[in-house]
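J.: Letter by letter, the chains look like this.
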Amino acid sequence: MIHAHDIRVRVTAIEDVAARTKRFRFEPVDGGSPPLFAGGAHITVALGDDDGAIRNPYTLSGSPQDRGGYEITVLRTTDSRGGSAFLHEQVRVGQELSISAPINLFPINFLARRHLLIAGGIGITPFLSMTEQLADLGQNFELHYAMTCSGAAPYEAQLRSRLGRRFHRYCSDRGERIDLETLLAGQPLGTHLYVCGPERLIDATIAMATSLGWPSENIHFERFAGPPPGDPFTVRLAKSGQTVTVGQHQTLLEALERAGVEPPSLCRGGACGQCELPVLSAEGELLHYDHFLSEEARAAGHSIMTCVSRLKGRELVLDF
Amino acid sequence: MSLAFRDETFRDDFTFYNSPAAIRRFPFPFDRDEYMYSVNIEPHVKGPVGSVVEFPIDIDEHYVAEMKERALVLQQDPLRCQSLPHMITAEWDLVELLMTSMAESYPQWFSLTRDGDRWHWINRPLEIDQKFTFGDVATLPYPPMEYITRQCQGDFSLLDQREDNLWMDAGIATTQADWSLDFDIGMNFMEWHAPVPFAHQMGVFERALKYLLNLQLGRPVRRLNWTMTINPRLDTSPEQYPHWGKDRTQVTPENAGQKVHLRVELQGLWRLPRSNAIVFSIRGYLASLQELSTSPKWARRLSRILKSLPDEIADYKGLTRHRPLSIAWLSRFEDGSPTTPGCGPD
Ligand code: HEM
Ligand code: FES
Chain A
4 MIHAHDIRVR VTAIEDVAAR TKRFRFEPVD GGSPPLFAGG AHITVALGDD DGAIRNPYTL
64 SGSPQDRGGY EITVLRTTDS RGGSAFLHEQ VRVGQELSIS APINLFPINF LARRHLLIAG
124 GIGITPFLSM TEQLADLGQN FELHYAMTCS GAAPYEAQLR SRLGRRFHRY CSDRGERIDL
184 ETLLAGQPLG THLYVCGPER LIDATIAMAT SLGWPSENIH FERFAGPPPG DPFTVRLAKS
244 GQTVTVGQHQ TLLEALERAG VEPPSLCRGG ACGQCELPVL SAEGELLHYD HFLSEEARAA
304 GHSIMTCVSR LKGRELVLDF
Chain B
947 MSLAFRDETF RDDFTFYNSP AAIRRFPFPF DRDEYMYSVN IEPHVKGPVG SVVEFPIDID
1007 EHYVAEMKER ALVLQQDPLR CQSLPHMITA EWDLVELLMT SMAESYPQWF SLTRDGDRWH
1067 WINRPLEIDQ KFTFGDVATL PYPPMEYITR QCQGDFSLLD QREDNLWMDA GIATTQADWS
1127 LDFDIGMNFM EWHAPVPFAH QMGVFERALK YLLNLQLGRP VRRLNWTMTI NPRLDTSPEQ
1187 YPHWGKDRTQ VTPENAGQKV HLRVELQGLW RLPRSNAIVF SIRGYLASLQ ELSTSPKWAR
1247 RLSRILKSLP DEIADYKGLT RHRPLSIAWL SRFEDGSPTT PGCGPD
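Chain order of the listed sequences is A and B. The opening residue of the first sequence carries number 4 in the numbering used here; numbering runs sequentially from there. The opening residue of the second sequence carries number 947 in the numbering used here; numbering runs sequentially from there.
It is worth saying that the hints were derived from the structure and are not from the lab. Built from N, CA and C at the ideal position, the CB exists for glycine as well. Possibly wrong hints are sitting among the right ones.
Reference excerpt, derived from the structure (chain A facing chain B, CB under 8 angstroms, subset only) [stated by the list, open to error]:
id, residue
1, LEU39
2, ALA41
3, PRO105
4, PHE113
5, GLU220
6, PHE224
7, LEU269
8, GLN277
9, LEU280
Isolated chain A (complex conformation) (with noise of 0.2 angstroms):
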């Protein structure tokens, strides 16, 4: 599905950077230059063998000052929706693609006295641009990398002859484990924290930082919920009157797309609010896979996140 805004690319470069992890380069393929972006940001690709039938967010892992082109890093993944299974088997060096404008739902703050930034294997691909800007603006910041040493880690090399000392290493594979009692008890006042990686990671680190009295507004984290498989249902819109079938592998999101509908979406990936669709009826169970909906919302269940969150049952009304 090709959206209005989206930006025709071609794939310049695929290498391998560590074990199951490769690095794509996308150039625009009119030739000019892609939107400059911001550390922290991401794009989404439309992948699939069936034009681009699934988006998948990729955080954006090369240089802000690389005008040329962007890159992402992809972990190959089992995730059933084949996105990076796509990406690792399928795509080829010359190839087209669809990518959206860049999307910055983890930005630095500014006001920061000291940034201090927590990585959990391919949730370092966000501090690779974060580390460059932050530097360039003479910030002091840190940060704390949680990898599998065995299978070369993912720009290891890099960040350590860019970062020095301000990068520390931890070998998970070695029984290695950030200590985050003693890390975040230590930060001065005024440090914010940022934390990407695996849903463990960023669960005991907020945990943890809320424990020790961190104001909230000091804690960013990225979490991109890969949207879950499910049993197919059918989705009706009682403005249009129109039904659309919901697939096993599919969002409601995309299925909305896939049917010539435009729906309301933005990070895809249950985090930014922007997709949520009124629901007038739901014969079956809510799923909700969203990080937005707060508990009563949910419990109310007169909203749904169409990106990551589907009906466990026969068919759901919404009000669109």
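Chain A is already provided as a structure; the job is to place chain B with the ligands on it using the hints.
T.: Same frame as chain A, but now just chain B with the ligands:
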């Protein structure tokens, strides 16, 4: 488009006026005979040739005179331009946005050549030829935001985005409708909008803020706002109230056509790439009742808007005192006939 930039004033002898072409393109903000606040935000896309939204940044016949007026205001009151230290990246983002947009839309007046960080900016109407290093404040005669906004019509504010809110952490305001940058600096979206009646209760600000937090790069949006000003005075700031407050007492049924002006603000919002900040531009247009009434539809509609406007909004906008006089002056165009849909003139 060839344009003669007029030498005119927005104070003292008030020699400002609109050419017939400027009246035709005036962004009359009412598409019906009633007015209420709403989340009137739309994509800032290219509009009809000659309209104020043909280009992202509109430069018109008042450009040179408005820039002289801005310089005068800044000379008397430097606090009209302020920027907190963490906004410097956003200031450079603004330099890039305005220079590239102006040079692209108006190559006959502005040019920008870039060689990496070495930039060369030419502004022919203001006779400026500036070579500088992008990112190096020492190479410009003013800080970056002040430098470029001394050369661009409209007030600007730069909003830092954090804690799910927007913070007015930088700006320049020399042509404002009774709000103060010096007062608002450092405030967030809900705080600086606190004085506005109705809109909070209607959920306007909550929805607008949510929308803006998700504003995307390369997809700017715009909205129109309006008020009325006595005499074509650009600087109706709280700081200058002693100078213009009394103007409101000088309106008479005879002179209302010349003295009372509809003031329309075309407000644009862009996401900025390096800073993730948002720039908010407030580009003001003035037209007297007399000028507007060259389109009888506009005159009829404006008089109906003024008659039906809730008192709280009229008070907030400072119209209460002269509203009856303006309605009386406009009444000569009120023949009871319907107004056509849309904002355009007859
Ligand atoms: C983020 C950028 C914005 C800035 C910097 C801004 C700034 C302001 C300021 C300084 C005022 C005057 C308040 C006073 O009386 O002191 C104002 C008024 C107002 N603003 Fe905004 N605003 C912004 C965006 C918006 C948006 C998106 C809306 C959309 C609904 C909006 C709606 C209004 C309304 C309805 C008023 C009252 C205006 C009148 O009746 O004359 N503003 N704004
Ligand atoms: S698109 Fe952001 S929450 Fe769904």
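J.: For each hint given before, does the structure comply? Return the numbers of the non-compliant ones in rising order.
T.: 6, 9
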